[in-house]
Amino acid sequence: DVVLTQTPPTLSATIGQSVSISCRSSQSLLHSNGNTYLNWLLQRPGQPPQLLIYLVSRLESGVPNRFSGSGSGTDFTLKISGVEAEDLGVYYCVQSTHAWTFGGGTKLELK
Amino acid sequence: EVQLVESGGGLVQPGRSLKLSCLASGFTFSNYGMNWIRQAPGKGLEWVASISSSSSYIYYADTVKGRFTISRDNAKNTLYLQMTSLRSEDTALYYCAKGLGFAYWGQGTLVTVSS
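If you read the protein sequences in the order shown, they are chains A and B.
Each residue of the first sequence is one higher than the last, beginning at 1 in our numbering.
Each residue of the second sequence is one higher than the last, beginning at 1 in our numbering.
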């Protein structure tokens, strides 16, 4: 089974700071069809998760472009260029190349 | 507007059964794979089960395989999760999510397994 390891588990940031979250997979997420099925979600307190980025780097409609995703194979990164208050919550990576697996989550807090 | 509304949660004793429903609207339900994901209190997200648009392909997490059954009724725009032999560790908020990339989520329905 694929294991996704997110680091750090907790991230403290000030408003306007740029931050990055890592998601490392135990297996390559490159599918035989050429796609890499790695998405990023944000769960704000008391809310269901929302999709931010799909297929590693594609921004979901309506998501601010301060969010960006990158990576390939087994190593992936979510970057927020200038944290805003509404970005606080828990970020999850999720893969759907080999069934489905979520990362453990990264909690973004205000410093 | 895409809407997913889960129902059917509640308090149930260990070993008993419960059936969850997810009513979808705002999109062509029969064109999309659907999923159940759960979140235990204070914990992260756990994928539970997925079903393809025509029910041809069904997948389960090892933790629920043999106890849970995912199904759908495209005429009723509804996704189901039949849960049997429930355990305390199944206590969680159960979400349904649209598409195999989890593009939209419902608000969830709480299942509590306790004597």
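These are computed hints drawn from the structure, not numbers from a lab.
A virtual CB, placed ideally from N, CA and C, is assigned to each residue, including glycine.
Among the clues, some could well be false.
To be verified - These stretches of chain B come out as covered by chain A in the derived footprint (C-beta under 8 Å, 3 or more residues):
#1 80 to 92
#2 105 to 111
What the hints assert, rightly or not - FRET-style restraints, in silico, Cβ to Cβ:
#3 Ser17(B) with Ser81(A): 23 to 29 Å
#4 Arg24(A) with Gln13(B): 24 to 30 Å
#5 Leu55(A) with Ala75(B): 37 to 43 Å
#6 Gly62(A) with Leu11(B): 34 to 40 Å
#7 Gly66(B) with Ser20(A): 36 to 42 Å
#8 Val2(B) with Pro8(A): 31 to 37 Å
#9 His31(A) with Gly66(B): 46 to 52 Å
#10 Thr28(B) with Ser32(A): 46 to 52 Å
#11 Val3(A) with Ser114(B): 38 to 44 Å
#12 Gly26(B) with Gly73(A): 32 to 38 Å
Said to hold, decoys possible - Partial selection, computed: residues in chain B whose CB lies under 7 Å from chain A:
#13 Gly44
#14 Leu45
#15 Tyr59
#16 Tyr95
Is 24 to 30 Å a correct range for the gap between the Cβ atoms of Arg24(A) and Gln13(B)? Violated: the Cβ-Cβ distance is about 40 Å, outside 24 to 30 Å.
Confirm or reject the claim that Val3(A) and Ser114(B) have a C-beta distance inside 38 to 44 Å. 30 Å, violated
Going by Cβ atoms only, is Leu45(B) closer than 7 Å to chain A? OK, holds: Leu45(B) within 7 Å of chain A, min 4 Å.
Range hint 46 to 52 Å: satisfied by the CB atoms of Thr28(B) and Ser32(A)? 28 Å, violated
Under 8 Å between beta-carbons, do enough residues of the stretch 80 to 92 of chain B, three at least, approach chain A for the coverage claim to hold? violated (count 0)
Distance restraint evaluation - Gly62(A), Leu11(B), Cβ atoms, bounds 34 to 40 Å: Given a distance of about 37 Å, which is inside 34 to 40 Å, the answer is holds.
Does the beta carbon distance between Val2(B) and Pro8(A) stay inside 31 to 37 Å, or does it fall outside? 33 Å, holds
Is the hinted range of 46 to 52 Å satisfied by the C-beta distance from His31(A) to Gly66(B)? Check failed, 28 Å falls outside 46 to 52 Å.
For the hint 36 to 42 Å, verify it against the beta carbon of Gly66(B) and that of Ser20(A). Taking Cβ atoms as reference, Gly66(B) and Ser20(A) lie about 40 Å apart, which means the hint holds.
Do the beta carbons of Gly26(B) and Gly73(A) sit within 32 to 38 Å of each other? Given a distance of about 36 Å, which is inside 32 to 38 Å, the answer is holds.
Does the CB of Tyr95(B) sit less than 7 Å away from some CB of chain A? Given a least distance of 6 Å, the restraint on Tyr95(B) holds.
Tell me if the beta carbons of Leu55(A) and Ala75(B) are separated by a distance inside 37 to 43 Å. Since the Cβ atoms of Leu55(A) and Ala75(B) sit about 32 Å apart, the hinted range of 37 to 43 Å is violated.
Hints 1, 3, 4, 5, 9, 10, 11 from the earlier list are contradicted by this structure; the remaining hints agree with it.
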